[in-house]
Amino acid sequence: MIQWRSILIAITFLPVAACRIAGNPATTPQTLTKEDGAYRLVWADEFNNNGRPDSSRWKYEHGFVRNNELQWYQPDNAFCENGNLVIEARREDRANPVFETGSKRWQKSRPRIEYTSSCLITEDKASWQYGRFEMRGRIDISQGIWPAWWTLGVDKPWPANGEIDIMEFYKGRLLANIACQGGNGGAEWYSNTFSVDSLGGKTWAEKFHVWRMDWTKEYIALYVDGQLLNKVTAEKLINKNGSDFNPFHQPHYMLLDLAIGGINGGDPSATTFPKRFEIDYVRVYQKE
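Numbering-wise, the sequence shown is residues -22 to -1, 1 to 266 according to mature numbering (1 follows the signal peptide of the UniProt record, and there is no 0).
Rather than coming from a laboratory, the hints here were simulated on the basis of the structure. Each residue gets a CB set at the ideal place from its N, CA and C atoms; glycine is no exception. Heads up, some of the hints might be wrong.
[To be verified] Across the chosen pairs, the derived CB separations fall in these ranges:
#	residue 1	residue 2	range
1	E213	R72	25 to 35 Å
2	G29	F186	20 to 30 Å
3	D71	H227	14 to 24 Å
4	P89	A212	29 to 39 Å
5	P252	K86	25 to 35 Å
6	T181	S33	34 to 44 Å
7	T250	R72	13 to 23 Å
[As the list claims (entries may be wrong)] Cross-link-like lysine-lysine pairs, in silico, DSS-like; alpha carbons within 25 Å at most:
#	residue 1	residue 2
8	K209	K265
9	K185	K134
10	K134	K103
11	K214	K195
12	K195	K149
13	K37	K86
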């Protein structure tokens, strides 16, 4: 999810939720042994309990937040159902409670709320430095829909804190992005983009897929269904503002959201609502 974008294209652990026993087929959380070492599950949410998401793991963003997006973020649009977290984008029409006549701020200049959705974040709940992050989910690829699973660093303002877009989709494209601060003060992006048509189009989008990040001191690698999408080495990710600070040598927290429109999402006016971003599980592993 590109946050307040200046375009320059170029720890705390919580108890693990109960393992999945019903719903969509999925692997069971476990210790993963790979050629590069053993990973231990340190945090997970399997979303097996119907109702509100676990408040010990997630909090919410509220209102109009970033990127001139059209949705008003609120908790009501996120719920657990049949073993999945559902983030539901809806078309609505109600008064904007922060509207101010003549305001220059886009959040306050809109008299009406036309869309609602949710953004769940682990900020102040859990953050991690390095590890393997996995999310099994299904995205909607309709026009104007902008789902994302991403991270932000806990220290410094954006973009100096660093951003990793493990999964991001808009305008027919799946993206895998990593951003640090560029020399002009804006973001410097390391981005790879894939058309959904090249992945299988509508048939691909109808299925659940596994997105993964492998994050070490030396590199960040992003995958979908085991296919490498992007890999960037750490020395490229030092902020270019003279600080020599690498925002990926600090803990990051996670965000899950379903945005609508805005600077990248496209025009949703012809799209039928509601639309859903469904998440089967989110898991974080770290090496022993």
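Tested hints:
1. E213 - R72: 25 to 35 Å: violated, 49 Å
2. G29 - F186: 20 to 30 Å: Given a distance of about 21 Å, which is inside 20 to 30 Å, the answer is holds.
3. D71 - H227: 14 to 24 Å: The hint (14 to 24 Å, Cβ to Cβ) is violated, given that D71 and H227 are roughly 46 Å apart.
4. P89 - A212: 29 to 39 Å: For P89 and A212 the Cβ distance comes to about 47 Å; the hint is violated.
5. P252 - K86: 25 to 35 Å: holds, 26 Å
6. T181 - S33: 34 to 44 Å: The hint (34 to 44 Å, Cβ to Cβ) holds, given that T181 and S33 are roughly 36 Å apart.
7. T250 - R72: 13 to 23 Å: Given a distance of about 20 Å, which is inside 13 to 23 Å, the answer is holds.
8. K209 - K265: holds, 19 Å
9. K185 - K134: violated, 37 Å
10. K134 - K103: Measuring from Cα to Cα gives roughly 18 Å; hence the hint holds.
11. K214 - K195: holds, 12 Å
12. K195 - K149: Answer violated: K195 to K149 is near 33 Å, above 25 Å.
13. K37 - K86: holds, 23 Å
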